[in-house]
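Chemist: Quick mapping for you: the protein sequence lines, in order, are chains A and B.
The first sequence lines up with residues 6 to 410 when you count with this note's numbering.
The second sequence lines up with residues 64 to 551 when you count with this note's numbering.
Hints are not guaranteed to be accurate.
[To be verified] Lysine to aspartate or glutamate pairs mimicking EDC-like chemistry, simulated, CA-CA at most 20 Å apart:
| hint | chain 1 | residue 1 | chain 2 | residue 2 |
| --- | --- | --- | --- | --- |
| 1 | A | 273 | A | 293 |
| 2 | B | 313 | B | 288 |
| 3 | B | 338 | B | 383 |
| 4 | B | 388 | B | 420 |
| 5 | B | 417 | A | 114 |
| 6 | B | 520 | A | 364 |
| 7 | A | 255 | A | 219 |
| 8 | A | 255 | A | 315 |
| 9 | B | 417 | A | 404 |
| 10 | A | 206 | A | 233 |
| 11 | B | 417 | A | 121 |
| 12 | B | 417 | A | 153 |
| 13 | B | 338 | B | 185 |
| 14 | A | 59 | A | 364 |
| 15 | A | 206 | A | 219 |
| 16 | B | 520 | B | 118 |
| 17 | B | 417 | A | 117 |
| 18 | A | 162 | A | 364 |
| 19 | A | 273 | B | 530 |
| 20 | A | 229 | A | 210 |
| 21 | A | 229 | A | 257 |
| 22 | B | 338 | B | 284 |
| 23 | A | 162 | A | 226 |
| 24 | B | 417 | A | 407 |
Calculated directly from the structure, the hints in this document are not laboratory data.
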Amino acid sequence: MKNMILSLALFGTAAGVVSANDDDGTSWVVLADQVYTADGEVYEGGFVAVADGKITGVGPGGGSGGSELDVFAVTPGLIDLGVRITEDPDVLEQSTETSITMRVAHGLDLFDLAWDRELRSGVTTVLASAPDNNVIGGLSVAIKTGGEPTLEARTVKADAVLRGSFGTQPSQGNQQSRGVPQNFYVRRPTTRMGVEWEFRKAFYDTIAAGRFPERAFEGSDVLKRVLDGDLPLSVQAWTTQDIRTAIYLKEEFKLPSMFVDAAAEAWKEPELLVRSGMGVVLPPFSFDGRVGREGAFFAWNTAKMLSDLEVPFALSGHGARNASERLAYQPGLAMRGGLSLEAALEAVTIAPARMIGIDDRVGSLEVGKDADLVLWSGPPFQPTSRVIGVMLDGHLVLDPRETNE
Amino acid sequence: MTLRRIPMQYSMQSTSQLFSRGAHQALRVSLFGLALAAVTSTASAMSPGGDLVIEAGRIITQAGGEITDGVIVIRDGRIEAIGAADEVERPWDLNVVGGPEFTAYPGFVEAHTSGGMDRANESIDVAPFLNIRDSIDPVSFFFEDVLRNGITTLGVHQGNNCVIGARGMVVRPVGRTVEELMVIGEFGLKLSAAPKSGSSRATQAQALRVAFDDLKSYLEDSVGERRYDGDKAKREALYQGRELDEEESKGRAMGGTAWKVDGLELIPRGELDVKQRPLLELVEGNYAAFIYCGAPMDVHLALEIARDNGFLHRTTLVLDNSCWKAADIIAEAGVSVVLDSAMTHIERDPYTGKEIETVVPRVFADRGVRFALSSNNASSQSLWYQAALANGLGIERSAALDAVTVIPAEILGLGDRVGSLQVGFDGNVVLSSGDPLSTTSWVEAVVVEGEQVYDRKTDARNQHLFEGQTPPVGKQSSMSQGSTGNRR
């Protein structure tokens, strides 16, 4: 029976991450038949050395200087830019459609078991964003899925991106005034066009505030950083019309750093996408190609197409509840659509790290980076393989010696 | 008389006609006024099955090994020869499909699904007199989807929301009429040990027990009436307008092992109430039972009902993934199981807050219980993917493949016909671009009973899913026509 039960202690103890087999807890040597660094190198028979939460060595052959773990394959910890852990309505600010300065970090419940589920399935860093019911939902945080349960300990990058949303979701439930005087309950926008208008208004107001300081408003400083390219803008855009809107907005305001999230129909207008230089986060694949509340059509070769066009893209699990739909299984489905293993690996590690500017800390196996590792029972991303070990900041949170019986 | 659609009021005449024939007897069917005589239990008997030679660089036989550079010869829908290319004589006059780049394996078998049905559940609690034949939609996309994922045999059963449900059917995903789909016209009765919606568990248990008590008292009453009054059953039969053919006009002693009603031989079988006869068949061991268990506690009830009424040896349990907790008593009872498509059971300890993940197939594998896997959907998480996941979760590769081939075939009573590639077996073969459990392999062709019924190259819908092509102008309505261009 013990073979079948993988139990993981809930975070919250003084030590933060609890591991049943932590040995000295600081130094490890992971020996693997295949070491995927995600920076272009694959070692057939190699090692990753870890000390004090950081990677201290990667290469072919063996290493020494810590407790040994022997597994089939090791990859960097997975990064999910589309994770949905706190979708609670009370995390969404209702008093304005453009809650630019709100920080979703302040609404996260770090004790939610969903973090642990993500971590166990191999996702070590996520971008947590506000629910997409506002046109501009606020500032997202790049955060580890485990560790001591405080924002300070887990945050990789505060205010990593500004999050917005196109489509019908931000206008859903909003009512037209119908002769009633404007009040709090009469909300705008009520259409796709209205959503776009809110976006453009916010940016025009920001430009105006640059010329006339008295016109500055709450959030204009944040939007100024987006205009200057200091802060990436992430927008949800499932369908091709919303992706177009995002591209036109990017071009109109010359936004240097922007990517579309959940862009299922990114395959439909590849020329526009390439022209825009925009990054893409793909939603999880679905069995009939239909995804999202608007039934966007997500062709299975989309990831391969984006890879061929050299569009920066990432895969995401969008916080799937079903274990077999989480991020670790998405690269396999992208490979079914023709994507190479190398490109699939990058799409869940270094590519998302670059898109939000955290690639100096995570996303690949390089000396000096955080020791976030995923240990596999077989070739990564094949359904016949599974995640048998996870290391977060040098702590073994899922022990392959217990799971790989 | 038309059997294809039984009127809503379950006309006694037509249902009696249905019951008057066992699964292996001829059904008289007329469609659109055209009489097709003697449709036997297999569809292949209606269309004699094809002749074909299949070549593959690798053949996974599921019957003790693999063949490198192999050949399969199919005649009249059955495998005539299988072996290495240099050992098998290839008839010169047969078409050849495949080639060295393909991997061949037996068509997958789905033991229990409600896919392809118009509605999976019936509102009547105890409805064994119904047959899901009347609910199957042959042109449903479901059958097209399962075929392109290499499933060639399915047990279609009523959904789990019942007390005693309809009789199931074994089908192949090929054809435009129910008769063409049919492999076994009547197979298995569906029961549920989990409460039907709106019921409590106690009510469910009582309803199940009462159904068999009712059967017993009905049979005793009938025998009593026959002994002392004479002809109540006969009057009823006359009143219902049933005419008994030769077999139906005979009485025979009650079979079965658990309990018997003496004197049943006095009553012609055809005179028995059509609402009671399927349960009688079950008690006599003539039907297979598929009993759904929605929680570990339901397993006790399921086994009790099956034991008390003598059909434990014909029972397959259809399990929710929480039922691994009852694995010991399932192993002890010696029944086979069909597992939930979610193979990992996640549970939170309310006191410690710990989440415990249990790999369900491993629990059963460790106890030697024979288990079949279920598809999670008809497409991307079809049986091949489920077998691959099971393998990833620690099930031996051979056991994972068995759980989608030979074991479900046995559960469906077809262990000597499908699920593996052997001489004499049905010519149900999948040609894949690679290993069946690899995410980068695609089903390139499917052969069912010697006829190629699927070709990926001409599968327009698959290309659409794969590449997101806009359908060619003029064929834009193909998605809504409900028929398929690649299925014959």
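Chemist: When the hints from earlier in the document are held up against this structure, which numbers fail?
Modeler: 3, 6, 7
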